[in-house]
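Engineer: Protein sequences appear in the order of chains A and B. Under the working numbering, the first residue of the first sequence carries the number 1, and numbering increases by one thereafter. Under the working numbering, the first residue of the second sequence carries the number 790, and numbering increases by one thereafter.
FYI, nobody ran anything at the bench for these hints, they're computed from the structure. A portion of the hints provided could be inaccurate.
Here are the simulated BS3-like pairs of lysine-lysine, each with C-alpha atoms no more than 25 Å apart in a straight line [to be verified]:
1) B:Lys819 <-> B:Lys908
2) A:Lys513 <-> A:Lys589
3) B:Lys910 <-> B:Lys950
4) B:Lys950 <-> B:Lys971
5) B:Lys909 <-> A:Lys7
6) A:Lys402 <-> B:Lys812
7) B:Lys908 <-> A:Lys7
8) B:Lys910 <-> A:Lys7
9) B:Lys860 <-> B:Lys819
10) A:Lys17 <-> A:Lys776
11) B:Lys860 <-> A:Lys402
12) A:Lys448 <-> A:Lys776
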Amino acid sequence: MLTNYLKITFRNIWRQKGYSFINIFGLAIGLACCLLILLWVQDELSIDRFHTNADHLYRVEQDQSYGGQPYHVNVTPWPCIPVWNEGIPEIIEATRYGWCGGQPYSYDGKTFIEDDVQAIDPAFFTMFDFPLQSGDPATVLSDPYSVILNTDTAEKYFGDEDPIGKVITVDNQHQLTVTGVLEKTPHNSIIQPVILVSMEFARTLGGYNEGWGSNSIRSYILLDDHANLSDVNRKLTDVVNNNREEESPTIYMAAPLVDVYLHSYFGFSDSGQAIVYVYVFSIIAAFILLIACINFMNLSTARSASRAREIGIRKVVGAQRSGLIYQFLGESAILSLLSAIIALIFVYLLLPVFNEIAGKEIVVSALLSRDFIIGLLVITLITGLVAGSYPAIFLSAFRPVKVLKGNLSTGRSQLLRKILVIFQFSLSIILTITTMIIYQQLNYMRSKDLGFDQEQVISVGIRGDIGKSYPALKTELAELPQVLGVTASSHRPTNIGSNSGGADWDGKDPELKLVVSTNSVDFDFIETMKIKMASGRAFSREFPTDQADSNHIAFIINETMGRIMGKEPVVGENLRFVGGEGPIIGVMKDFHFQAVRDEIEPLAIFIAPEWFGCMLVRLAPGDLPSSLTAVEEAWHRVLPDYPMDYRFLEEDLEWMYRIEIGMSQLLKYFSILAIIVACLGLLGLASFMAEQRTREIGIRKVLGASVSDLVLLLSGQFTKWVLLANLIAFPAAYLLLNKYLENYAYRIDLGILPFILAGFMALLIAWITVSFQAVKAALANPAEALKYE
Amino acid sequence: MIKTNNLVKIFTTEEVETTALNKVNLEINKGEFVSIMGPSGCGKSTMLNILGLLDNPTGGEYFFMDHEVSKYSERQRANLRKENIGFVFQSFNLIDELTVFENVELPLLYLGINAADRKKKVNTVIEKMGIAHRGRHFPQQLSGGQQQRVAVSRALVSDPKIILADEPTGNLDSSHGDEVMKLMTELNAEGATIVMVTHSPAYADFAHRSIHLFDGQVVTENVNGKFHV
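Pulled out of the complex, with its shape left as it was, chain A reads as follows:
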């Protein structure tokens, strides 16, 4: 019996090549999308799970409290880890992971500014699975003047030579011996070590901060099997409070490392970003597959007449209905299996492109992983069942008496087909609108006036030894005609990442706890960045008190800060902040110093050269390459031994929106595929309907209908369906996207244009698809059509 079923299945596939193609190819596209998304989701979920201790590793985070509202921070003060390690028995091991980069590293005449340098505790190598290619993890950091490199960095300095024992000079004064080289870090790790140094060395560099108020490093702990998390959380907070002089409302908590990537959040928000995309793309995968399944259902029931006789005969000679249901489910399972094979080929071919768009490094061998194969089989089986369910139930219910006489009524199935096509198109239209809106929002963020001019500005790191030459550099560069302005800042103005609590002024509501972003800048910062002043003045050399000394600081604040202080005028008010006190000399108009998706926060800037991290150089418009060459030549006149490691501020924006850019690209391709699959179905259905109406078309032609009359007749009903699909898609998309846009503090208005455009596009594409068949049918010779009578 099974062979009989198989024969029928394959002969049917072969006999009806067009429909089989649409079914198998459509399902293959749907499955391929699904599998790519499965790989992507699998990869997202695999992040940080490769550590042997994955289930017991935690990152310590904290909720600070401002005005009663928790402000979530993923970093801690430097001194936390040693006191926790000593005071909490559940902690087996602990390490800090603190940034102390930006200095020039030299070896044998080669110098690089190394930005990605992290200070760690020795437990780092026993807690995590970051194996060493060479070096002994137990002793690799026993000498504070040791350094561990990843393979790329080792090769950069030493080429083919053995790096172990070589000495790198840091900041022209410290000698670090290479004691270890890391093996390549898996891409699905949020910790990507490049250069690792000891805590003692971080202290030497001055990066180490003894205070309890500065939160700037990541703290990781390994808990024992029986640790009770709420106990540990309580102890984390208690131990800190026991060790610091004043009580603080800050609450510490251990966040499982494996959840950090997907669920970590920051600031006043309380939900992760990455997990949202996991949900979104899982839903999209289901949508596309559903569209393909609907094609299968529609075409199978539409073609039911051709199977009717077989069903009748089988019933006459003794088939039970259940047997027929199995037969048809089996058929669709075979079809979906064939589709799955084609889908696997698609996935194999598309994987490199997909990786590039999604920013992933999924390898082909992932296709052979156990989880993926199980996922593949489950999805294929479900697809087969979903796609085959309706045809199986519908076809097996045929009454032999009727079908063998040829009077088959398919009224019920026609209605269902209509509903399914409308549903398919609704999904496609929703996807299209979503893609357009996400693009619009992305464009809005990338092109929004940030409140300063970020174009043609380069930023160059000036930490450590280089910083000493900043005044000389500034003088040299300012003389160049290609340079319009030079200033310095602790952060690039596109991304000011430090903030601080404790701002105070006369008459401040004592209940008001505020986080204020801070940035130390040089004179000319406001002018060079073209930030507009709302009131007061910019920093000026004519006022010697503008430069901060030990306890006097002159502040410029932004409008948001001014509004919070609520003073009129605010200029001239005294502000106590960042360990000093001084007058507010001016108010800047608000500018975006973080991603546009976030609300502009209060900001205070002041002049404190010891905090400078980068030099900002505005270049004259025009020949950029020659301007850069001139700047580089000037740099080398001052600092012949150091390379000029620069980047454009605009690159920051690309980096900031990289997730949105990648996701919108993916969404675009998936929407296009969804529409293609939906149209494939429409093509099949249109050709079936044209075929079914051959006689009617013949009679109409004999009676004088023109080709255009007939095309209109045949396309008319599809037009109605797509219009109806729009009616369903519009409100659904509106609700969905309204919700999505709420994530953005600054967002586009949900205009009507994308809706109309998407609806029109769907109509146009459907029309082209259907017309193709309609014209063919209308051009057929009526004599041919009528002779069957």
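Once you've looked at the hints, dock chain B against the given chain A.
Structural biologist: Using the frame of chain A, we list chain B on its own:
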């Protein structure tokens, strides 16, 4: 073998109620060759469908081999059908995707007969029908007469107690039609019970007995050329 008491079949649609069979009483004995005649729409095919357990009557009783089957479920009827009844249709109703051999084999598959026995039985019957050389062909590669022989082979292959033929010659030219009737007669002579619906009085004469239906009722019965009212 077959007996009906006041068999009624009413088709109901939203607007009309059509009485296709109106209190039909009928008895067919083992080994008989009976033809059912009558104009279009008189209920011939409805009668045959009910006799063949493809459909249930609306009223009355139907005894098939002494079992009252008029209230049987689809499943019960399917089981009875596959073991006892062979069908031949006007339009052959062969499955295009299966070869001649596979078409004939189909009833045996549903009877759960093993492959070796199936092969023997199918080969025997297609040999007898003179289409053995066409075993690997698909229905569309055959002439109408040959296709009907395949259909008859399929009806015979499971050794049914009764063969029901619905205008078996309707789609055939006269020479092929004659051939099929000859076949029917031979089968009957070998002991098969046959009930055949036909339009053609000439072919009806091949039967022992002709039953004439009109407006859902039996109007005359003609045995060996003599009329009984």
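Engineer: Decide, hint by hint, whether the structure agrees.
Structural biologist: Hints versus structure:
no. : hint                  : verdict
1   : B:Lys819 <-> B:Lys908 : violated, 28 Å
2   : A:Lys513 <-> A:Lys589 : holds, 23 Å
3   : B:Lys910 <-> B:Lys950 : holds, 16 Å
4   : B:Lys950 <-> B:Lys971 : holds, 19 Å
5   : B:Lys909 <-> A:Lys7   : holds, 21 Å
6   : A:Lys402 <-> B:Lys812 : holds, 23 Å
7   : B:Lys908 <-> A:Lys7   : holds, 17 Å
8   : B:Lys910 <-> A:Lys7   : holds, 21 Å
9   : B:Lys860 <-> B:Lys819 : holds, 23 Å
10  : A:Lys17 <-> A:Lys776  : holds, 18 Å
11  : B:Lys860 <-> A:Lys402 : holds, 20 Å
12  : A:Lys448 <-> A:Lys776 : violated, 50 Å
Hint violations for this structure: numbers 1, 12, all remaining hints satisfied.
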